[in-house]
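Novice: Below, each chain spelled out in residue letters.
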Amino acid sequence: MPALPLDDAGPYVAAAYLVFLALILIYVAIMASKLVRIARDLDEVAELIERRDETRSGAADESAEQPVPR
Amino acid sequence: MFARGLKSLSIASVVLIVGAFALVFFYAPNDADQGFVQKIFYLHVPLAIVALCGFVAGGVFGIQFLRTGDRSHDLRSYVAIHISLILAVGALITGSIWAKASWGHWWVWDEPTLVSFLIVFLLYACYQPLRFAIEDPGRQARTAAVFSITAGAFVPLNFLAVRLAESFTHPRVLSATGGSMPGEMRLTFLVSLAGMAVMFVTLWKYELTSKQASMRLRALKRRLADEDDRWVPAGRSAAPQEL
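Respectively, the protein sequence lines represent chains A and B.
In this text, residue positions in the first sequence follow my numbering: the first is 5, and each later residue adds one.
In this text, residue positions in the second sequence follow my numbering: the first is 99, and each later residue adds one.
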């Protein structure tokens, strides 16, 4: 086939480079959504630690309030 | 463990890819035979080469996993194959666009280079379903390693077979017979190839770092939740779940 003139070849070249750009952007978007999930998990871990600390300090207070046997 | 050098790699890949695209459109001359449409070559060929190298790298990490039993090699292999599959999709689509522009057809079934690349792609498309089908993590990792080694060995064999076969329409790049390019085109192609390779390594490390972070977080959550007896195990996954 003879070489396509610039006007006809332009859309094909643009389409190929846009496909590459789209693939990279979709990949980055998926990775960003995973990052959001990691951030949510991190919040959950922080909450678990907070709750555990509260339980432990509550238990320590209760044992401190009990009268010492003579 | 995986995040080291990620920032400099990211900068290098952006600089190389932007530089390569600038060279493609402002420095490399138009091809005498194909004209402007040949600019797709600087994207399509590096995508295909880096994808095939990534598949082979997946096999090499598979060997390392079977030799050492270190689960981080299984993760490396998984991520290398995952990113190679994405690049292979890019190579197939851009190749199809180029074929339509220069041959008048989206796909040519009697061309060995195209069909062999499609076979390699379809072979690796089975990798994730295979992993997902196996629930036991140890068995999943071992089976995936065997698959990655076998398929990884198939890639260079396939490449050699295509080289030996008679080509009808697909041009040969950087060969003694049909691939001699002028200096500007060669430089542009090499910068594009380097950019694509560095981008592959960057994305590979990026995904490894992300997966490692979520694995550590999951382990931490399990340890904390075990104390409350509230731990809900994660569901089945194709990706490695722990190191």
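Do not take every clue at face value.
[Unchecked claim] To give a feel for the contact side, a few chain A residues facing chain B, derived at Cβ under 8 angstroms:
| no. | residue |
| --- | --- |
| 1 | 16 |
| 2 | 17 |
| 3 | 21 |
| 4 | 24 |
| 5 | 25 |
| 6 | 29 |
| 7 | 31 |
| 8 | 33 |
| 9 | 35 |
| 10 | 38 |
| 11 | 40 |
| 12 | 46 |
| 13 | 49 |
| 14 | 53 |
| 15 | 56 |
| 16 | 58 |
Since the hints were derived computationally from the structure, they do not count as laboratory data.
All residues carry an ideal CB built from backbone N, CA and C; glycine is no exception.
Novice: Using the nearest Cβ pair, does residue 40(A) come within less than 8 angstroms of chain B?
Specialist: Violated, because the Cβ-Cβ distance from residue 40(A) to chain B comes to roughly 11 angstroms (cut-off 8 angstroms).
Novice: Is the interface hint satisfied for residue 16(A)? The criterion is a beta-carbon contact with chain B at less than 8 angstroms.
Specialist: Holds - the Cβ of residue 16(A) comes within 8 angstroms of chain B, reaching about 4 angstroms at its closest.
Novice: Take the shortest C-beta to C-beta distance between residue 24(A) and chain B; is it under 8 angstroms?
Specialist: 6 angstroms, holds
Novice: Restraint: residue 29(A) near chain B, CB-CB cut 8 angstroms. Satisfied or not?
Specialist: Violated, about 12 angstroms.
Novice: Quick one, is the residue 38(A) hint okay against chain B at 8 angstroms, beta carbons?
Specialist: 6 angstroms, holds
Novice: The hint names residue 56(A) as touching chain B; please verify it with the least Cβ-Cβ distance against 8 angstroms.
Specialist: With Cβ-Cβ at 7 angstroms, under 8 angstroms, it holds.
Novice: How about residue 53(A): closest beta carbon in chain B under 8 angstroms, or not?
Specialist: 7 angstroms, holds
Novice: Per the CB criterion, is residue 21(A) less than 8 angstroms away from chain B?
Specialist: Residue 21(A) check passes; min Cβ-Cβ to chain B is 6 angstroms, inside 8 angstroms.
Novice: Tell me if the interface restraint on residue 17(A) is satisfied: Cβ within less than 8 angstroms of some Cβ in chain B.
Specialist: 5 angstroms, holds
Novice: Against chain B, is residue 46(A) within 8 angstroms by beta-carbon distance?
Specialist: Holds, because the Cβ-Cβ distance from residue 46(A) to chain B comes to roughly 6 angstroms (cut-off 8 angstroms).
Novice: Hey, does the residue 35(A) contact hint survive, CB to chain B under 8 angstroms?
Specialist: The hint holds - residue 35(A) has a Cβ within 8 angstroms of chain B, the shortest such distance being about 6 angstroms.
Novice: May I ask you to test the interface hint for residue 58(A) with respect to chain B, counting a Cβ-Cβ separation under 8 angstroms as satisfied?
Specialist: 12 angstroms, violated
The structure fails to meet hints 5, 6, 8, 11 and 16 from the earlier list, while all remaining hints are met.
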